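> Each chain is listed here by its residues.
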Amino acid sequence: MVTSDSLIQVRDLCKYYDKGRIKALDGISVDINRGDVMVVIGPSGGGKSTFLRSLNLLEVPTSGEVIFEGVDITKKRDANGEKIDLNAHRQKMGMVFQHFNLFPHKTVIENLMLAPMKVKKTGGEETREKCVALLERVGLADKAETYPIQLSGGQKQRVAIVRALAMDPDVMLFDEPTSALDPEMVGEVLDVMKELARNGMTMVVVTHEMGFAREVGNRILFLASGKLVEEGHPEQIFNAPESDRLKDFLSKVLI
Amino acid sequence: MKITMAGFEAAWKYGELFWQGVVCTVSLSALTVIFGFILALVLALCRLGKVRVLNILASVYVELFRATPMLVQLFIVYYVVFANIDLIPGFKLFGFIRFNRFFPGVVALSLNSGAYLSEIIRAGIQSIDIGQTEAARSLGLTQRQNMRHIVLPQAIKNILPAIANEFVTIIKESSICYTIGVQEIMSAVTAVKGATFKIAEPLIVATALYFCLTYPTSKIIEHFERRMSLGDKR
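Chains A and B supply the protein sequences, listed in that same order. Take the first sequence: its position 11, counted from the start at 1, is 11 in our numbering, and no numbers get skipped. Take the second sequence: its position 123, counted from the start at 1, is 123 in our numbering, and no numbers get skipped.
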C-alpha cells in the first residue's frame, strides 16, 4: 500500500551474484513510512545487510526500484529526464556500520564536521557548534579532539551515529550496529538508538538484538534466502509467528 | 691511485663546479619528484578507475617503463623525442644549467619514476578498507571528495616509507643524466678529472655530496610520517 507518508518505497528489489546463481535479494517490496522503526531480522546470509545497503545504493541492485522521497534512485534520470544526483539523496540517509568506519586520520570533531562542511558547505563556526551539541547528546563532548583509535567500541559507534546525524538525515540506516561490540558496550549504543526512535527518527535497523527489536521496533521484517518471509508488528512476529521458517529462526535465537 | 690531500685541494679549486652540480641535481630531482608524483597519481587513478581503456593504457605504460633500462629511456627521450633540440628554449637556468639538456632529463626521469610511484600509490589506495569509502559515500561525499579527504590522506601516510625510498632513488638516478650533458654532480666530477687528472678525490667529494642530499631527504619524510601518524597513537 502506497501512502503519502511513505519515505522509501522498495519495489521488487533483486540482487543477483554470479550471473543469477546466487540470489541475495529475490524480489523484496516494502514501504518504509516516516517515523517507522523498522527492524530487519533473519538468519545470516539471508539478505538483511544487502537489503539495507541497497537502500542507499552502496549495493547496486540487479533490478527493482528504490523510491526515496518520490525519486527512483536506482535510475540515472528521473521521469522528467533530469539527471538524478545520488549524492544529494545519500546525504539524507544516514548510515551506521557494523565496524563503525570512522575516519582514523581525523579527530572525532573532524569526523563529524567533514560532511556538513564539504557536502552542505555550511560554515565552520556553526558546524562546530552543532557537532559539539551532537557529541554532548551522546555524552562524548570531552572526546571532540581525540582520534578514533583512543575510543572504546561503544564510544566509536556513538560517534558514528552522530556523524550521520550531523547531516540532518531523513532516515537512519543501521547495519548490525552492535555486532562488533563487547557485550557490556551494547547497552550504551542501543540507548542512543532508543532516544533517536523516541524523537521520531525514521530508522531501518538490521540487528540480532531481539530485545531491541521487540521493545523499540514498530515493524519487523523477517528476511531469509533473499525473500521477505514475514512482516508485522513485533507482538505478532514474536508471539504469533506464522511461517515455519520464522518459527524455526525464533526457536534458535530466543532464550 | 693514491688519494692525497693535495688531490682534494686541487678539487677544491673547482668547488664552484661542484656547487653548480649540487644545484642542478637538486633542481632535477625536485622537478622529477613533482612531475613524477602527478603522473603517478593520474596513472594510479586510471588503473583503479572504471574506464577499461584507461586501465589497460595505464598498465601497459607502467609495465613498459619498469621493464626497460633507465638509460635507454633517457636516450630515447633525448635523442629521439627531443631530436629537434631547437624546439626547447636554449636559455640557461640560474645562469649555468643548459635548459635544452636539463629539460629532457627531467622528462625522462619523471616518466620513469612516475611508473614506479604509481604502483606504490595504487597499492596504498587498495590498502584502505572499503568501509572508509562506504562511510564517506553514505554521507554524500562525491567520489572525488572521498579520494581527496578520506582515501588519499590515509593511503599516502601508509606508503610514505616507500615514497621516501623512491625520492632517494630519484636523487641517485639523476646522476645518469650526465650522459646527455646535464651539468649535475657527476658531470662536475668528469670536469674536475679533466682539469686536474685526479679521479679518486672528486669521486669522494661527489659521494659525500650525494649522501648529504639523500640522508636529509629521508629524515624529512620520516618527520612527516610521525606527524601524520597522530591518529595511530592510543
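Rather than coming from a laboratory, the hints here were simulated on the basis of the structure. It should be emphasised that the depicted structure is a prediction, and the values quoted were computed from it without experimental measurement. Yeah, the Cβ is synthetic: ideal placement off N, Cα and C, and Gly gets one too. Mixed in with the good hints there might be a few duds.
[Claimed, not checked] Using 27 Å as the maximum straight-line C-alpha spacing, the simulated DSS-like pairs for lysine-lysine come out as follows:
id : chain 1 : residue 1 : chain 2 : residue 2
1  : A       : 118       : B       : 2
2  : A       : 23        : B       : 219
3  : B       : 50        : A       : 19
4  : B       : 50        : A       : 83
5  : A       : 118       : B       : 157
6  : B       : 157       : A       : 75
7  : B       : 193       : A       : 106
8  : B       : 172       : B       : 193
9  : A       : 106       : B       : 2
10 : B       : 2         : B       : 198
11 : A       : 92        : A       : 143
12 : A       : 106       : A       : 83
13 : A       : 130       : A       : 143
14 : A       : 106       : A       : 76
15 : A       : 75        : A       : 247
16 : B       : 50        : A       : 76
17 : B       : 13        : A       : 143
18 : A       : 75        : A       : 106
[What the hints assert, rightly or not] Just a sample of chain A residues kept apart from chain B, beta carbon distances all over 10 Å, derived:
id : residue
19 : 21
20 : 44
21 : 66
22 : 92
23 : 94
24 : 104
25 : 105
26 : 115
27 : 119
28 : 201
29 : 234
30 : 235
31 : 248
> Evaluate each hint against the coordinates.
Evaluated hints:
A distance of roughly 66 Å separates the Cα atoms of residue 118 of chain A and residue 2 of chain B; the hinted pair therefore is violated under the 27 Å criterion. With a CA separation close to 54 Å, the supplied pair residue 23 of chain A and residue 219 of chain B exceeds the 27 Å bound. About 20 Å separates the Cα atoms of residue 50 of chain B and residue 19 of chain A, which keeps this hinted pair within 27 Å; it holds. This hinted pair checks out: residue 50 of chain B and residue 83 of chain A have alpha carbons roughly 20 Å apart, not beyond 27 Å.
Between residue 118 of chain A and residue 157 of chain B the alpha-carbon distance is near 22 Å, which keeps this suggested pair within the 27 Å criterion. For the hint pairing residue 157 of chain B with residue 75 of chain A, the CA-to-CA distance comes to about 37 Å; that exceeds 27 Å, so the pair is violated. Among the hinted pairs, residue 193 of chain B with residue 106 of chain A is inconsistent with the structure: their alpha-carbon atoms are about 55 Å apart, more than 27 Å. A distance of roughly 20 Å separates the Cα atoms of residue 172 of chain B and residue 193 of chain B; the hinted pair therefore holds under the 27 Å criterion.
Annotation: proposed proximity of residue 106 of chain A to residue 2 of chain B is violated, straight-line Cα distance about 59 Å (limit 27 Å). Between residue 2 of chain B and residue 198 of chain B, the direct Cα distance comes to roughly 9 Å. Compliance with the 27 Å bound is thereby established for this hinted pair. Distance hint between residue 92 of chain A and residue 143 of chain A is fulfilled; the C-alpha atoms sit about 26 Å from each other, no more than 27 Å. About 33 Å separates the Cα atoms of residue 106 of chain A and residue 83 of chain A, which puts this hinted pair outside 27 Å; it is violated.
Note on residue 130 of chain A and residue 143 of chain A: the hinted pairing holds, with a Cα-Cα distance of about 15 Å set against a maximum of 27 Å. With a C-alpha separation of about 33 Å, the suggested pairing of residue 106 of chain A with residue 76 of chain A is violated against the 27 Å cut-off. A distance of roughly 37 Å separates the Cα atoms of residue 75 of chain A and residue 247 of chain A; the hinted pair therefore is violated under the 27 Å criterion. Between the alpha carbons of residue 50 of chain B and residue 76 of chain A the distance comes to roughly 17 Å, so the proposed pair stays at or under 27 Å and holds.
Of the pairs offered as hints, the one joining residue 13 of chain B and residue 143 of chain A is violated, with about 62 Å between alpha carbons and a cut-off of 27 Å exceeded. Distance check on the hinted pair: residue 75 of chain A and residue 106 of chain A sit about 34 Å apart at the alpha-carbon level, beyond 27 Å; violated. Against chain B, the non-interface label of residue 21 of chain A holds: every CB pair exceeds 10 Å, the least being about 23 Å. No beta-carbon of chain B is positioned within 10 Å of the beta-carbon of residue 44 of chain A; the least distance is around 19 Å.
Distance check on residue 66 of chain A: its Cβ is at least 14 Å (rounded) from any Cβ of chain B, clearing the 10 Å threshold; non-interface status holds. A beta-carbon of chain B is positioned within 10 Å of the beta-carbon of residue 92 of chain A; the least distance is around 8 Å. Non-interface call for residue 94 of chain A relative to chain B: violated, since the shortest CB-CB distance, roughly 7 Å, does not exceed 10 Å. Here residue 104 of chain A does not stay apart from chain B, with its beta-carbon only about 5 Å from theirs, under the 10 Å limit.
Taking the minimum C-beta to C-beta distance to chain B, about 5 Å, the non-interface status of residue 105 of chain A is violated against the 10 Å cut. Separation of residue 115 of chain A from chain B is inadequate, the least Cβ-Cβ distance of about 4 Å not exceeding the 10 Å criterion. Listed as outside the interface, residue 119 of chain A is inconsistent with that label: its C-beta sits roughly 4 Å from the nearest C-beta of chain B, within the 10 Å cut-off. Distance check on residue 201 of chain A: its Cβ is at least 16 Å (rounded) from any Cβ of chain B, clearing the 10 Å threshold; non-interface status holds.
The non-interface label for residue 234 of chain A is consistent with chain B: the shortest C-beta to C-beta separation is roughly 27 Å, beyond 10 Å. Non-interface call for residue 235 of chain A relative to chain B: holds, since the shortest CB-CB distance, roughly 32 Å, exceeds 10 Å. Non-interface status of residue 248 of chain A relative to chain B is upheld: no Cβ of that chain comes within 10 Å, the nearest being about 32 Å off.
Hints 1, 2, 6, 7, 9, 12, 14, 15, 17, 18, 22, 23, 24, 25, 26 and 27 from the list above are not met by this structure, while the remaining hints are.
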